[in-house]
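The task is simple: from the sequences and hints, build the whole structure.
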Amino acid sequence: PSDQQIGGYPRPGQLSGVVEDTVLDSEGRCVILEFPAFVLLGVYSPANRDESRVEFRTSFFEALDVRVRNLVAEGKQVILTGDLNVIRSEMDSTNVLEGLRKENMTLDEWISLPTRRIFNQLIFEGSIVGDRDEGRETPVLWDLCRCFHPSRLGMNTCWDTKRNTRPANNGSRIDYILCSDGIKDWFTSANIQEGLMGSDHCPVFATIADSVASKGSQVSLRDIMNPA
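Sequential numbering of the sequence shown, starting at 1, is according to the working numbering.
The hints are simulated quantities; they were obtained by calculation from the structure and are not laboratory data. All clues stand as given, with none of them false.
Using 25 angstroms as the maximum straight-line C-alpha spacing, the simulated DSS-like pairs for lysine-lysine come out as follows:
no.	residue 1	residue 2
1	K184	K76
2	K76	K215
3	K215	K184
4	K102	K162
What follows is the structure in structure tokens.
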């Protein structure tokens with residue numbers, strides 16, 4: 001029933017159709033929950049592993065972008081979190097410029113790679129080369145860690161364990177907590193826990209205030225999340 005649907009589903013013509021919808025949804029990469037205050041998407045995006053996965057990876061990001069935008073257009077607040085497997089900018093990875101020189105690639109070319117371009121158009125203050133794409137004219141999500149740490153270097157969340165690059169903090173920031181503009185001010189902090197071991201990734205967290213602004217007044221978050 002429509003009244004039990006979260007909504008925001010891609011409409012005909014919004015996706016390229018390069019990869020079938022059923023195939024995109026076949027790997028269990030996204031969990032979506034709707035709460036009274038927001039829609040929460042937990043995502044594990046496909047990695048940039050080899051050429052055989054390029055179309056799937058790009059199509060997954062395209063579908064994620066459309067779903068988030070549609071939800072926001074419907075008036076819903078959105079939190080998107082997880083391992084998105086994309087580096088936002090050269091600030092978010094160690095030795096990017098050196099790597100580009102070895103690959104004979106310019107920074108503009110790197111920024112314009114398909115998944116990074118989609119991601120940077122989804123978020124506020126994302127780096128974009130040239131005009132924005134049709135359907136992505138405006139950003140809709142804030143990168144919370146960069147809201148609180150706009151110029152911090154070395155804020156890596158993933159490292160190569162085979163080469164043991166973590167002690168030198170030679171890694172990348174590919175794990176995010178993103179939120180829509182209407183609830184950005186609810187958050188009081190966001191950071192990483194780089195000292196917590198046990199994985200090739202470290203946790204990312206964001207803290208929501210106990211009392212938040214809603215409809216012109218301060219309201220207990222508990223009351224918003226558990227309406228009578």
